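Full structure from sequences and hints, please.
Taken in order, these protein sequences are the chains called A and B.
Sequential numbering from 2 applies to the first sequence in this note's numbering.
Sequential numbering from 235 applies to the second sequence in this note's numbering.
By construction, these hints were calculated from the structure, which means they are not laboratory data.
On a predicted model such as this, the values are computed, not experimentally measured, just so you know.
Glycine included, every Cβ here is placed at the ideal spot set by N, Cα and C.
It cannot be assumed that every hint is accurate.
[To be verified] Quick partial rundown of chain B residues pointing at chain A, CB under 10 Å, derived from the structure:
{"hint": "1", "residue": "A334"}
{"hint": "2", "residue": "H338"}
{"hint": "3", "residue": "E342"}
{"hint": "4", "residue": "C417"}
{"hint": "5", "residue": "A418"}
{"hint": "6", "residue": "A422"}
{"hint": "7", "residue": "R433"}
{"hint": "8", "residue": "G435"}
{"hint": "9", "residue": "L445"}
{"hint": "10", "residue": "H446"}
{"hint": "11", "residue": "A453"}
{"hint": "12", "residue": "I471"}
If you want the building blocks of each chain, they are given just below.
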Amino acid sequence: MKILYINNHGGGFADHIEVEDGSTVQKLFEQKMPGADPADYLIRVDRLPASAEQVLSADSRVSVTPLKIEGA
Amino acid sequence: MKKKDPALWAACRLHRILSHVHRRTHAADPIPGLSALLEEQRAVKRSWGMYRKAQSRGWTHCTQVLLERLLSDIESVHAASRRAPSPEIPGIPIIADIFAEITHLPDEFAQVEILPKEKRIDVITDEITLEEVYLGRFSIQLHLDSLWRQRDATAFVILAQDPNSSSSDSSCTHPHVRDEAICAGDAAAPISHALAQGRIGDAFQLINRVLHTYNGSSAYVDLDDWDGRSCSDCGQITSGDDLYLCDCCEQDYCDNCIRICNRCGESICLDCSESGEDGSRLCPSCKDTEDNATEEPAVSDEPVQEPQPQTETTHEHSHAPDIIADRDELSDVTSDGEGRATAADVSPPQAA
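This is the structure in structure tokens:
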């Protein structure tokens with residue numbers, strides 16, 4: 002199934018990506034942000050806070066935003 | 235839905251702006267990379283024609299060379315087509331998505347205000363304290379009409395609600411905010427993308443996260459110097475705890491620009507000090523005394539060294555008399571035999 006994945010870390014791109022049916026937020030995070038700690042990010046599904054176990058559905062909108070972003 | 239729902243008004247206006255910008259940007263090259271792809275395709279067609287001609291004329295070596303070129307050109311077409319953006323990447327956001335972004339802002343911020351008259355969306359952050367420096371709440375204001383020109387962090391105005399400006403620069407209400415503009419740093423690119431794609435909630439959240447983060451290596455004013463003041467002599471920004479008050483002119487000086495009068499132990503700046511008969515520095519009152527006295531105490535011309543840490547009591551300014559209790563105590567220190575205290579006998583003023 003396809004979901005919209007928005008990564009506000011780095012470039013800040015939004016992409017439609019393919020994920021397996023039944024994928025959870027945690028699985029997607031581990032896949033997209035290897036080595037990163039979920040506690041350092043705001044993770045939203047369909048603009049609402051999400052738990053690690055939340056199962057994604059087709060056309061879900063997942064956004065990942067770092068809690069700490071350095072200004073200049 | 236109400237007829238004049240501010241959120242709907244804001245969504246429609248944002249859609250209008252972003253659509254106009256999108257049309258303007260993509261009028262010449264509607265699909266970025268398309269012209270490169272077409273050029274590569276023309277090269278394939280050209281190579282294919284040459285190959286067929288060489289083949290018909292029996293030019294075997296030339297045929298082999300052109301075949302390799304043809305395969306290379308075909309590979310270039312594949313590469314150019316991969317560079318072209320996927321049609322699934324959203325171009326102009328639809329009004330419903332922008333509307334959803336705006337209506338979800340209250341989930342992220344306690345106060346959200348949409349001001350159609352001012353063409354603005356305002357949110358208020360929670361109270362921000364960085365490195366134990368209280369900076370208070372900030373109003374993040376998105377000026378919609380700014381998006382006609384730039385879709386980046388400059389569209390936002392950052393207003394301190396409980397301003398605790400840097401004492402050395404009153405226009406700095408935050409280490410990364412000056413003159414109500416944020417220097418977004420690592421968030422600059424994500425903010426631009428979020429605004430261009432109508433992800434208003436993400437853009438506000440990115441600004442909010444920058445406000446909650448301190449980057450000491452690139453701040454307008456370091457938080458270590460937030461409450462600092464400038465030395466009245468050299469201008470160096472120094473923490474209030476490390477400044478010394480000249481007992482004569484009552485201005486603040488850093489430890490490099492303050493001196494002490496050995497005779498009375500008072501802190502005194504270079505401008506207020508006067509030379510004694512032996513060339514040493516004296517405060518004005520001791521200078522008067524020296525002029526009238528037959529016995530002249532010597533004073534130190536040494537700059538104040540590193541301030542000694544004071545553990546128990548803190549004061550806004552330190553004074554030499556805090557360390558050297560009084561003249562009687564001073565007279566008890568080692569003298570040079572003529573009742574003059576030597577420079578080594580006199581302690582520097584301490585920073586509170």
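These are the hints, each one checked on the structure:
1. A334: With a closest approach of 7 Å, the B/A334 hint holds.
2. H338: 4 Å, holds
3. E342: 9 Å, holds
4. C417: 5 Å, holds
5. A418: 6 Å, holds
6. A422: Nearest chain A Cβ about 8 Å off; hint holds.
7. R433: 7 Å, holds
8. G435: 6 Å, holds
9. L445: Check passed: Cβ of B/L445 comes within 8 Å of chain A, closer than 10 Å.
10. H446: Holds, about 7 Å.
11. A453: With Cβ-Cβ at 8 Å, under 10 Å, it holds.
12. I471: Violated: closest Cβ of chain A sits about 20 Å from B/I471, beyond 10 Å.
Hint compliance for this structure: hint 12 is the single one not met.
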